[in-house]
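Protein chains in written order, with my numbering: chain A, 1 to 113; chain B, 1 to 114.
There could be a bad hint or two in this list.
Stated by the list, open to error - Computed beta-carbon distance windows for the label pairs:
no., chain 1, residue 1, chain 2, residue 2, range
1, A, Ile18, B, Glu83, 42 to 48 Å
2, B, Thr20, A, Asn66, 40 to 46 Å
3, A, Ile18, B, Leu112, 35 to 41 Å
4, B, Glu68, A, Ser20, 31 to 37 Å
5, B, Lys54, A, Lys2, 19 to 25 Å
6, A, Lys42, B, Ser58, 49 to 55 Å
7, B, Leu66, A, Lys2, 33 to 39 Å
8, A, Arg28, B, Lys41, 20 to 26 Å
9, A, Asn66, B, Ala2, 50 to 56 Å
10, A, Tyr71, B, Glu83, 36 to 42 Å
11, B, Leu66, A, Tyr71, 46 to 52 Å
Claimed, not checked - Below, a sample of chain B positions facing chain A; criterion: calculated Cβ distance under 8 Å:
no., residue
12, Ile43
13, Glu57
14, Gly59
15, Gln103
16, Gly106
Claimed, not checked - Subject to a maximum C-alpha distance of 20 Å in a straight line, what follows is the list of computed SDA-like cross-link-like pairs (lysine to any residue):
no., chain 1, residue 1, chain 2, residue 2
17, A, Lys42, B, Thr5
18, A, Lys42, B, Asn62
19, A, Lys2, B, Gly40
20, A, Lys42, B, Pro81
21, A, Lys42, B, Ala2
22, A, Lys108, B, Gly40
Just so you know, these hints were derived from the structure itself, not from any lab. All C-beta atoms, glycine included, are put in the ideal place defined by N, C-alpha and C.
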Amino acid sequence: QKEVEQNSGPLSVPEGAIASLNCTYSDRGSQSFFWYRQYSGKSPELIMSIYSNGDKEDGRFTAQLNKASQYVSLLIRDSQPSDSATYLCAVRQSGAGSYQLTFGKGTKLSVIP
Amino acid sequence: EAGVTQFPSHSVIEKGQTVTLRCDPISGHDNLYWYRRVMGKEIKFLLHFVKESKQDESGMPNNRFLAERTGGTYSTLKVQPAELEDSGVYFCASSQSSGGETQYFGPGTRLLVL
Numbered sequence: 001q002k003e004v005e006q007n008s009g010p011l012s013v014p015e016g017a018i019a020s021l022n023c024t025y026s027d028r029g030s031q032s033f034f035w036y037r038q039y040s041g042k043s044p045e046l047i048m049s050i051y052s053n054g055d056k057e058d059g060r061f062t063a064q065l066n067k068a069s070q071y072v073s074l075l076i077r078d079s080q081p082s083d084s085a086t087y088l089c090a091v092r093q094s095g096a097g098s099y100q101l102t103f104g105k106g107t108k109l110s111v112i113p
Numbered sequence: 001e002a003g004v005t006q007f008p009s010h011s012v013i014e015k016g017q018t019v020t021l022r023c024d025p026i027s028g029h030d031n032l033y034w035y036r037r038v039m040g041k042e043i044k045f046l047l048h049f050v051k052e053s054k055q056d057e058s059g060m061p062n063n064r065f066l067a068e069r070t071g072g073t074y075s076t077l078k079v080q081p082a083e084l085e086d087s088g089v090y091f092c093a094s095s096q097s098s099g100g101e102t103q104y105f106g107p108g109t110r111l112l113v114l
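Isolated chain A (complex conformation) (with noise of 0.2 Å):
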């Protein structure tokens, strides 16, 4: 069964530092890498994607690929008290026509002003 793995959590840091969230998957096959954030209650929030190895930056986010380890994570820098959601990894498996995305849980961040 393919699945997508995350600490759950909580992660705690303190405002202005770099946060650090990481993500492995078990289909070598997955071409496709998402970081969704979740604030409670709300719709899961597209934030990055990444497709190819190496880092992707956008703004105080970074996301890393590592296909050969299965590893993709996120970094924030600068966290502020308003990053403080669940952070949900997720993967497009690899197949024809297929489109599906499969998640991890998700990992709380808290961001201590």
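For chain A, the structure is supplied; the task is to place chain B on it using the hints.
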């Protein structure tokens, strides 16, 4: 531009009853997905429509669940009869085309079966 909307936001029903959830995707999005999150578990895929056709229904748990998307616009997900284990949050998402990678999620419908 309006996002994905879902109705109702909450539903409380008794075991054995029927519930119908509705999803309105972002206008112009051909792809519509249903996902579910049960308590303590991860969000799991249920099915995928391309326009009015079911592209992938591999995640549907059993034949008590029926999804439709007549006319390729909004979609409904009916649970009949509902069981206790059907409780959870049902999310709908949409994306722009078959190659569209970004799936935009709705706020979810919180279903509680008593």
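The hints, checked one at a time:
no., hint, result
1, Ile18(A) x Glu83(B): 42 to 48 Å, "holds, 45 Å"
2, Thr20(B) x Asn66(A): 40 to 46 Å, "holds, 44 Å"
3, Ile18(A) x Leu112(B): 35 to 41 Å, "holds, 39 Å"
4, Glu68(B) x Ser20(A): 31 to 37 Å, "violated, 43 Å"
5, Lys54(B) x Lys2(A): 19 to 25 Å, "holds, 21 Å"
6, Lys42(A) x Ser58(B): 49 to 55 Å, "violated, 27 Å"
7, Leu66(B) x Lys2(A): 33 to 39 Å, "violated, 26 Å"
8, Arg28(A) x Lys41(B): 20 to 26 Å, "holds, 24 Å"
9, Asn66(A) x Ala2(B): 50 to 56 Å, "violated, 38 Å"
10, Tyr71(A) x Glu83(B): 36 to 42 Å, "holds, 38 Å"
11, Leu66(B) x Tyr71(A): 46 to 52 Å, "violated, 39 Å"
12, Ile43, "holds, 4 Å"
13, Glu57, "violated, 10 Å"
14, Gly59, "holds, 7 Å"
15, Gln103, "holds, 6 Å"
16, Gly106, "holds, 6 Å"
17, Lys42(A) x Thr5(B), "holds, 12 Å"
18, Lys42(A) x Asn62(B), "violated, 27 Å"
19, Lys2(A) x Gly40(B), "holds, 18 Å"
20, Lys42(A) x Pro81(B), "violated, 27 Å"
21, Lys42(A) x Ala2(B), "holds, 15 Å"
22, Lys108(A) x Gly40(B), "holds, 13 Å"
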